[in-house]
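Protein chains in written order, with this note's numbering: chain S, 1 to 279; chain B, 1 to 279; chain L, 1 to 279; chain W, 1 to 246; chain G, 1 to 246; chain F, 1 to 246.
In case anyone wonders, no lab produced these hints; they're calculated from the structure.
Be careful, since some hints might not be right.
[Stated by the list, open to error] With a Cα cut of at most 30 angstroms, we get these calculated DSS-like pairs of lysine-lysine: (1) G:211 - S:122; (2) S:122 - S:49; (3) B:207 - S:136; (4) W:88 - B:207; (5) F:244 - S:49; (6) L:49 - W:88; (7) S:27 - S:264; (8) S:127 - S:27; (9) S:39 - F:244; (10) G:20 - G:211; (11) S:136 - S:41.
None of the values given here were measured: they were computed from a predicted structure.
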Amino acid sequence: MSVTPSTYPLVPKIQKDTILSLLEVGKRADGRGLEDIRKVKIIPNYIEKSDGSALVNIGDTVVLVGVKVEPGTPYPDLPDEGILMVNAEFVPLASPLFEPGPPDENAYELARIIDRSFRETKSIDLKELAVQPGQKVLVVWNDIYVLNHSGNLIDASAIATLVALARTKIPNYEMNEEGYLVKKEGYKGTLKLTKKVITATVAKIGKYYVADPTEEEEYVSDARLSVSFTEDGTIAGMQKMGAGSLEEGDIDAMVDLAWKVSQKYFSEISTAIGLPPQE
Amino acid sequence: MSVTPSTYPLVPKIQKDTILSLLEVGKRADGRGLEDIRKVKIIPNYIEKSDGSALVNIGDTVVLVGVKVEPGTPYPDLPDEGILMVNAEFVPLASPLFEPGPPDENAYELARIIDRSFRETKSIDLKELAVQPGQKVLVVWNDIYVLNHSGNLIDASAIATLVALARTKIPNYEMNEEGYLVKKEGYKGTLKLTKKVITATVAKIGKYYVADPTEEEEYVSDARLSVSFTEDGTIAGMQKMGAGSLEEGDIDAMVDLAWKVSQKYFSEISTAIGLPPQE
Amino acid sequence: MSVTPSTYPLVPKIQKDTILSLLEVGKRADGRGLEDIRKVKIIPNYIEKSDGSALVNIGDTVVLVGVKVEPGTPYPDLPDEGILMVNAEFVPLASPLFEPGPPDENAYELARIIDRSFRETKSIDLKELAVQPGQKVLVVWNDIYVLNHSGNLIDASAIATLVALARTKIPNYEMNEEGYLVKKEGYKGTLKLTKKVITATVAKIGKYYVADPTEEEEYVSDARLSVSFTEDGTIAGMQKMGAGSLEEGDIDAMVDLAWKVSQKYFSEISTAIGLPPQE
Amino acid sequence: MGKTGLKLIDENGIRIDGRKPDQLRPISMDVGVLKNAQGSALVSYGKTTVLAAVYGPREALPRHMTLPDRAILRVRYHMAPFSTTERKSPAPTRREVELSKVIRESLEASVFTELYPRTTIDIFIEVLQADGGTRTTSLTAASMALADAGIPMKDLIAGVAVGKVNGKLVLDINEAEDSGGEADMPVAMMPNLGKIVLLQLNGTLTRDEFKEAMKMSIKAIKEIYLIQKQTLRDKYAKMTEEEKEE
Amino acid sequence: MGKTGLKLIDENGIRIDGRKPDQLRPISMDVGVLKNAQGSALVSYGKTTVLAAVYGPREALPRHMTLPDRAILRVRYHMAPFSTTERKSPAPTRREVELSKVIRESLEASVFTELYPRTTIDIFIEVLQADGGTRTTSLTAASMALADAGIPMKDLIAGVAVGKVNGKLVLDINEAEDSGGEADMPVAMMPNLGKIVLLQLNGTLTRDEFKEAMKMSIKAIKEIYLIQKQTLRDKYAKMTEEEKEE
Amino acid sequence: MGKTGLKLIDENGIRIDGRKPDQLRPISMDVGVLKNAQGSALVSYGKTTVLAAVYGPREALPRHMTLPDRAILRVRYHMAPFSTTERKSPAPTRREVELSKVIRESLEASVFTELYPRTTIDIFIEVLQADGGTRTTSLTAASMALADAGIPMKDLIAGVAVGKVNGKLVLDINEAEDSGGEADMPVAMMPNLGKIVLLQLNGTLTRDEFKEAMKMSIKAIKEIYLIQKQTLRDKYAKMTEEEKEE
């Protein structure tokens, strides 16, 4: 069941008016232009004990992704493929609004948006992960851990996921006599990422479109649109969020802006981890 | 834990008095005689995608049963039998008193009453469902879905279950090389119902016994007795419900009335689905 | 998450003062000396249908332990060992403070303290329980059931566990053709207890150390220390409990007292079940 | 023969545990066995052993969940993990949820809840060992725990299960008879008032068998009732004596 | 060809169920179908069948969980166990949690919640049969249930899913097209206001395909809107007639 | 040799990670690392990395769950799924429940909770990487997060685990030593007050070994305490400087 949030901080009307009057002159509360993103900081391999990981800051938003590659059983309808599992935890140290407990609708939504963008573009070569097709495959557990929520969790999670997966090594599993996969020393290689996919979010506030919204901007926005792209500009997922509505023209403009922002993210990622451009 | 319900609507004393004074002259609030049942409407095969189903109205009470036949593992102590699973959901659209969430005690009780009546009479030939005895069998999932609660959910569920099971087709499962049951095109036949069993509920209000009680009658009743019967009049289950008590003589009278009502239900079912009379 | 308890009965200051002034003259509210334990009563084999059991009273505290030995799958990293599972239930009939529901932090802590003391001393020969190493082993389920909470649940649970395990018979399981362990008539022998381990708890109240604290003494104590010992005096586990602190000297004194108490428990156990002294 | 093809009654009409068809198992009862509870009772029918405790009337629930005109009853029927033939997970099963409900409804018929508006009376039942007839033993124990707690009732409740095994009706069935038999019919009543508060049937009976089973259970319930009253009387006498001695 | 290599459109551009690419499935609607709810609607797009019910505005939540300036919406999108190809456990899945959220946010855009401060409006949606497009069918049904309950809205909401199969855009996809296709794009809007309240894309589309898919969906939504209005008008006429007859 | 037969200390008394028996791992600390929390700290002992955050004192609980004379502490010790050798489900384990309790009790000994009646102080601890000694690292971090939040305490808390491997006592054990060793004894104290707030022993020790292990841990805790104080001093100095610059 989904319930209208009653604990969100109410943004006073006067504050919303201030934000709008700033937007009118092309400015935002933190000094950015409407299409600017905050400073992005990427630390790959932050968690040494994971098989892949990345810590990503966008402004004050902090997201840590850790990847573990472990044995599992394939889905009956896809017996010769490994499995990508994307999970998100909004742990309570990240925000006064987050409570301990199982993931809420926002965490599930975020995980599923990221998951769909990678799944639908077949970004990961899952066939490579079928150690014993039909019997034993490898599961790529991609855990998104939100450490500080200052808005735009989806984009930070998308960047951290892409970097962590790009840097994921595949442990060396071998099947023993009893039919279990046993981990051996060393790694078999790195996870094959056939396509890079990113997600960029644009908020509509009044009649303005802003890139990389802060938490406060999220609260005052009418609606947000998260758009996933592969590097060639193909749309690879979309999600309208928020209790407001958008017109057809809004959507065109927001997709355009999301694509501009995506290119910035791809560029930040390339700088951070030296990913070669896609062929 | 079971807790005295504190959310049930309190029926005012004056209303109970009205009901009782009507009963004294052989009448009920909706115009029925004490032994009359409300209008029964049965639509078999309501859910095309299920393997068997039935929508049943008794007056304003609406119950939908859907049956799915799926692979499973036999119980260790009954390795050569399939499994009948009866589950009931009191979904919140059916009543202002139903809350979203896992089944409560009333849903469990209802499911277990229906389950016992079919299980104990061996109405379904479970041996027929053992595809690979000891290893893989078929599970008959009988899901009872209450869509509108206007009283007497047990009888409506019993009718819907009997009709749905009588109309259940067994999908064509074959074991593949890896030892999984895989669904093939078409059906292997219909579920074999060796006995027909029905449940009829009688409420005691004051010194009167009423058949097919409405929700309001349930609230004012001292106790209810649900009695299951096979077509030959054998008692195949019984459950006293409600926080009141009954005397030995009450029980005899209520079982008698329940049997009369059962015959009406059997007759409605035969009309609706053309079941041949039991040999 | 662990939360400061807000439902514990507040012990009025005057009552705490009384307790302290009694302690000053070497006395306790129930007439005991500081190092005395309450009357211990042990009934082995209390539950005939279990494979081992013991009912233990320490004063008004009552704990029942029942043991069941059942088939299971070994841990992947210990393929040739059976499994000891220690579980504790603080059922609501034992105290006005216990609520129905899954175990709380106190029940988990108690179970884990007992579990560690047996696990780390390798008191039970787990290799003996590997019916089919790597595939099927026996699991020793040791269920601690608190029936009345009048303080010092840990010691009562430790005694009951030791007695129940010492009296546990191993049912006769054989593997059938389908690879399941099936229970046959009779028993294969008794569980081999290579070492006896006990846990004794000492509370610090003011500057005094008291053995076998009552519930009231637990509430007014600064901290408690539970110490596990094998019969030769080796420390086999330790847990400081309570929201206060201890100095190094306190700990030495409390370990000394715990050892004295342990010897009393060992003696009570030997009397009750005629355990031969450890070689 | 029963469901499992087992012979549960021999040619002389004797059951596997040596009883005659209409014979109860040895019954033992004790009250006031737990220190903390307001009332408690330990009751055994043969190997079936049940401990019941009562807390209340007390203010246990937020006010909006109580009733303005009477007490709320909270009843938990629960089986210890070691009580059953195979270990039972302590998490409540559907069966335990259903039995908690039917036991609560039975107790509500006997307790004068209107004496304690806005309060809660908790009745916690633990099956320590299960060998058939656990719900009826539970009701017998719960009712005595309520009496031990001094909570006014219209009458005590006593219960027993009648079964059908190898085609014959038998009183107070044990687990082997339950799982190998054709029917299990638990009955509980307020014996002095002749009021039936619990009635279930799991299995099949003809109308005549059903009537006969009702008669058997009512007769046995009256026997159990005598033991209940004697146990409470003895306890009361002992307490009075102890008071005198002090 | 689609993901699974299935041919979902033939050489004449005809889909597996006989439809043309831009053709809706047969749509049926009814309102006021449940007695207890304040409002209800049963809507089918082909084999996809959804039942929606509205309770409220009512006082369902403790005061501190309500809002001082408007009503709280509680929305549950739930699939019946027998609605899907394989039986679905009744416990809510992550997918159902997400869809409940996007449906709630869509409905919040249309309901005048500020008219009912401190209350709760419950919208319960049960997918009785799932054959593609369940979330958009659900929104169409939920909006009509709200109308049937007499709750003021800016506009009705209607929705439809556009898909891409075998490289072609197709309207109102069914399950086979969804699972075998390259994209599923559910869209819902307040048709008269031209406001989009739900937009998701699961799969890949070029920018041009996306724009074309938006156009297709908007056109179809307007068709569905006409059926919604006609259904409500008929219902209202029937009610008025019945009132006259009385 | 340890439980697993592994040689964890060589003939020169050097441990598998090159340390001497009484040597701490490299320790790093930072405070104020999270924007939203009132206080936060990131602490590493070797590869063990813990992030702690403090929210409060705040009104987080309904009034009847608070205490009239002091603040409630809510403590969650939680391990990230990727922190462990095998992925850990995010649902709390029994171990995490127990450790949350012992950490809460330790912190309660240091915080002046009586200054904030009727409020809640939340301390959330996330183990980002686990390589032995996570509960003592957590306490060190939690205490610094409380200091960063400006919550008055009797003293800081610092902790360390002493282990026994291959028959020898070793300071600040890592995971390999923990799982291959004979004992793991986590100790935490308020160093300046000489008060022990956490003490557990998992494994076996003789009385003499136990006393020696206590000495080792107390000595190391005092070293860690110095780093804690320096870190807070540096942070304070930096803040003052930044304020001046503004």
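task = Of all the hints given earlier, name the ones this structure violates by number, lowest first.
result = 3, 4, 5, 8, 11
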